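Chemist: What follows is the residue order along each chain.
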Amino acid sequence: MPEVVLSAQDLVKHYPIKKGVLRRTVGHVKAVDGVSFDLHKGETLGIVGESGCGKSTLGRLLMRLEEPTAGSVSFEGQDFSGASARDTRRLRRNIQIVFQDPYTSLNPRMTVGDIVGEPFEIHTDVVPKGGRRKRVQELLDLVGLNPEHINRYPHQFSGGQRQRIGIARGIALNPRVLICDEPVSALDVSVQAQVVNLMEKLQDELGLAYVFIAHDLSVVRHISDRVGVMYLGRMAELGEEDEIYARPTHPYTQALLSAVPVPDPTLRGKREQIVLEGDVPSPANPPSGCRFHTRCWKVQDRCREVEPELELREDGAGRHMSACHFAEPRVIVETTDVSDQKHDDRFASSDVEDLSDAGAGMGSEGGGETTDSPDASVAARAEAMDGDRHVGEDPVRISEDPSEGERPR
Amino acid sequence: MTDTTTRPSASGETEYVPQDGKLLEVEDLHVEFHTADGVAKAINGVSFDLHQGESLAILGESGSGKSVTAQAIMGILDMPPAVIPGGHIRYCGQDLLTMPEEQRRKTRGPEVSMIFQDALSALNPVFPVGWQIAEMFRIHRDMNKSDALEQAVRLMERVQIPGAKDRVKAYPHQFSGGMRQRIMIAVAIALDPAVLIADEPTTALDVTVQAQIMSLLEELQEERQMGLILITHDLGVVADVADRIAVMYAGRLVEKADVHDLYASPAHPYTRGLLESIPRLDQKGQTLAAIGGLPPNLMRIPDGCAFNPRCRMAQDRCRTEVPELREVAPGRLSACHFAEEVIDA
Numbered sequence: 128m129p130e131v132v133l134s135a136q137d138l139v140k141h142y143p144i145k146k147g148v149l150r151r152t153v154g155h156v157k158a159v160d161g162v163s164f165d166l167h168k169g170e171t172l173g174i175v176g177e178s179g180c181g182k183s184t185l186g187r188l189l190m191r192l193e194e195p196t197a198g199s200v201s202f203e204g205q206d207f208s209g210a211s212a213r214d215t216r217r218l219r220r221n222i223q224i225v226f227q228d229p230y231t232s233l234n235p236r237m238t239v240g241d242i243v244g245e246p247f248e249i250h251t252d253v254v255p256k257g258g259r260r261k262r263v264q265e266l267l268d269l270v271g272l273n274p275e276h277i278n279r280y281p282h283q284f285s286g287g288q289r290q291r292i293g294i295a296r297g298i299a300l301n302p303r304v305l306i307c308d309e310p311v312s313a314l315d316v317s318v319q320a321q322v323v324n325l326m327e328k329l330q331d332e333l334g335l336a337y338v339f340i341a342h343d344l345s346v347v348r349h350i351s352d353r354v355g356v357m358y359l360g361r362m363a364e365l366g367e368e369d370e371i372y373a374r375p376t377h378p379y380t381q382a383l384l385s386a387v388p389v390p391d392p393t394l395r396g397k398r399e400q401i402v403l404e405g406d407v408p409s410p411a412n413p414p415s416g417c418r419f420h421t422r423c424w425k426v427q428d429r430c431r432e433v434e435p436e437l438e439l440r441e442d443g444a445g446r447h448m449s450a451c452h453f454a455e456p457r458v459i460v461e462t463t464d465v466s467d468q469k470h471d472d473r474f475a476s477s478d479v480e481d482l483s484d485a486g487a488g489m490g491s492e493g494g495g496e497t498t499d500s501p502d503a504s505v506a507a508r509a510e511a512m513d514g515d516r517h518v519g520e521d522p523v524r525i526s527e528d529p530s531e532g533e534r535p536r
Numbered sequence: 371m372t373d374t375t376t377r378p379s380a381s382g383e384t385e386y387v388p389q390d391g392k393l394l395e396v397e398d399l400h401v402e403f404h405t406a407d408g409v410a411k412a413i414n415g416v417s418f419d420l421h422q423g424e425s426l427a428i429l430g431e432s433g434s435g436k437s438v439t440a441q442a443i444m445g446i447l448d449m450p451p452a453v454i455p456g457g458h459i460r461y462c463g464q465d466l467l468t469m470p471e472e473q474r475r476k477t478r479g480p481e482v483s484m485i486f487q488d489a490l491s492a493l494n495p496v497f498p499v500g501w502q503i504a505e506m507f508r509i510h511r512d513m514n515k516s517d518a519l520e521q522a523v524r525l526m527e528r529v530q531i532p533g534a535k536d537r538v539k540a541y542p543h544q545f546s547g548g549m550r551q552r553i554m555i556a557v558a559i560a561l562d563p564a565v566l567i568a569d570e571p572t573t574a575l576d577v578t579v580q581a582q583i584m585s586l587l588e589e590l591q592e593e594r595q596m597g598l599i600l601i602t603h604d605l606g607v608v609a610d611v612a613d614r615i616a617v618m619y620a621g622r623l624v625e626k627a628d629v630h631d632l633y634a635s636p637a638h639p640y641t642r643g644l645l646e647s648i649p650r651l652d653q654k655g656q657t658l659a660a661i662g663g664l665p666p667n668l669m670r671i672p673d674g675c676a677f678n679p680r681c682r683m684a685q686d687r688c689r690t691e692v693p694e695l696r697e698v699a700p701g702r703l704s705a706c707h708f709a710e711e712v713i714d715a
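So the protein sequences, as listed, match chains A and B.
Going letter by letter, the first sequence gives residues 128 to 536 in our numbering.
Going letter by letter, the second sequence gives residues 371 to 715 in our numbering.
Note that these hints are calculated values from the structure, not bench results.
There could be a bad hint or two in this list.
[Unchecked claim] Straight-line C-alpha distance at most 25 Å; calculated SDA-like pairs for lysine to any residue:
1) K535(B) - G405(A)
2) K654(B) - R457(A)
3) K146(A) - S546(B)
4) K654(B) - V389(A)
5) K654(B) - E367(A)
6) K397(A) - I583(B)
7) K397(A) - H603(B)
8) K168(A) - T657(B)
9) K654(B) - D391(A)
10) K469(A) - D604(B)
11) K397(A) - R614(B)
12) K654(B) - G334(A)
13) K397(A) - D604(B)
14) K535(B) - T421(A)
15) K535(B) - D406(A)
16) K654(B) - T463(A)
17) K469(A) - A715(B)
18) K469(A) - Q653(B)
19) K397(A) - Q653(B)
20) K654(B) - V465(A)
21) K654(B) - G169(A)
22) K397(A) - D628(B)
23) K469(A) - I713(B)
24) K654(B) - S312(A)
25) K425(A) - Q530(B)
26) K469(A) - M683(B)
27) K397(A) - Y633(B)
28) K397(A) - Q591(B)
29) K425(A) - I583(B)
30) K654(B) - D369(A)
31) K397(A) - D369(A)
32) K654(B) - Y633(B)
33) K397(A) - E589(B)
34) K397(A) - I648(B)
35) K654(B) - P129(A)
36) K397(A) - L645(B)
37) K654(B) - D331(A)
38) K425(A) - S585(B)
39) K654(B) - V316(A)
Predicted, not measured: the structure shown is a model, and the values here were computed from it.
The shape of chain A in the complex, shown without the other chains (with noise of 0.2 Å):
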């Protein structure tokens, strides 16, 4: 298994709820509760759970946006928490964040030139003063918009090609880590699929590694090699993406894979459904034991008292860590596996370039023809990109070392 780059360990988070006057604390609202994992190099690990799971806040926590109640993160091996100013901000060139809401996480009043040149204001020695314009234009092709849109302000975009400028602004100075806070939510589902293949191609050319957070779990299956489901701020599964999909041990997990539904009709009436009763607990008063205890069908006295420690668990047969005292998997989807099946390339196509001028009446006319080899000069660039690892030399230097830049696709 590669290398691990970033790494949580028991990750708390708890917000004072505050009352009266005085502004007593009365309680505390237990965002995270307690997360560990680990997160190898290049892969993407899918953060799943249903809103107040706590998966944004983790997210936060990942990048030290918030300061955590207690635990700890470290980026390969180096303890962020208790880093200075400086330190944090040098580890941070490492981490970046990409945000749901393409319109509310750009400013308005930036040309999208600022918007991704922004990070090399602060991080000034990546790139020299002059380059970096032309940076942000390699950038911008990067991510498949066109680089003359350099003056342009978010409004001038559509939702997805502001994705695009979110993404090329987390990936301007070359992180490692990409957090990405339900990147694709707030598309349309044709606009989606561009965005989820222009990340899958960035990780492949990169090298990067993805936490993807998102509540939809067809798209969190498609693009994740590991996958951690949470409820209540605590992780109740984690593992290898076909294990949680094929063989889920843990009844939340069991539920909440049962009620997707699924874009074939002639699966209707024979898709098992397991109807959980009520809503999720609050988390300012989480329910003893296993969070999940007062919703499970499972439910012994032994999960009302001991809190199931999240673990490979031999008798559930399982082989990834379960948080369940009665772990044991159960086939909730069939899967079939695609891998070989090609598109028909008449209809839509897995090109990542950004077609968005094409018949939208945006930007500048006619500027959308379908553009069939985009890749050659895309992973020129990205050999480039690697070559600025080198602070300080010249920024479109084309790496000598065969191994980096060029990754198999």
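For chain A, the structure is supplied; the task is to place chain B on it using the hints.
Modeler: Positioned in the frame of chain A, the structure of chain B alone reads:
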């Protein structure tokens, strides 16, 4: 369709009787929005009908005109800026668009009813939920307060709100998202409408709650034999509940088919592309294909087929000639010049 079967009922109100089970008939509907920047053509000739007990899904992405269609049927478009330059919406043979407003108002609730995506903004925050459900009975049925409230409790129980009796005086913000959606459903079905329009009813909800709400809607439809129009962008939800599907693009219907036919062999390149672009829970190793580009700006819809700039099959003909929605196979309509080729692909 003009020889309507309208007759006054005992109470002097108009009574609506579906003809051959046909509840709603939308014919060549056009809707435009007149704005300072120009005229946005949101709906450009949409026709479909809805029968008793049938679930029709209107599928489309943002800006395709699916919600505007729903609002036009309900008569809740803001006019101006909206203008309806042409078309008919007949409910049991009576044209809703030419009906006096007073008469039309009386159809909203007892005949045609609607649930919205965002229950928090659809419900009034300053009145208890029970009061809001009871309002339907007080206004349309002249019921007194206590009887109406009793009916509200009964409805809250029907939509499975636990402890309905105790919660009838609670305010919308005191409920979770799923429960609020149930309350809105209670308001919508209060007067036993023949047609229920659900505009993205579960889009804002978590999957487990979505499953609960969709099964409740299905149950209610079965029980009351309502005609259901489900407006959504979610191809998964549609596959689970719809009988027929109408796919919209740039204000036109591009395909209309039985749910099984549509998923098995789509007859329009747009539908086909959509189906290829969604990741599926039950597949691994899938490569996602995307439809390039974006839906058109409604102020500048391309000539010919509106989908032509994004269509990989487009020929010269597609750029000049608007394809009619025509029958391409038994029971299947498609607005593509090359529909036969697409079906066979």
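Chemist: For each hint given before, does the structure comply? Return the numbers of the non-compliant ones in rising order.
Modeler: Hint check: nothing fails, all pass.
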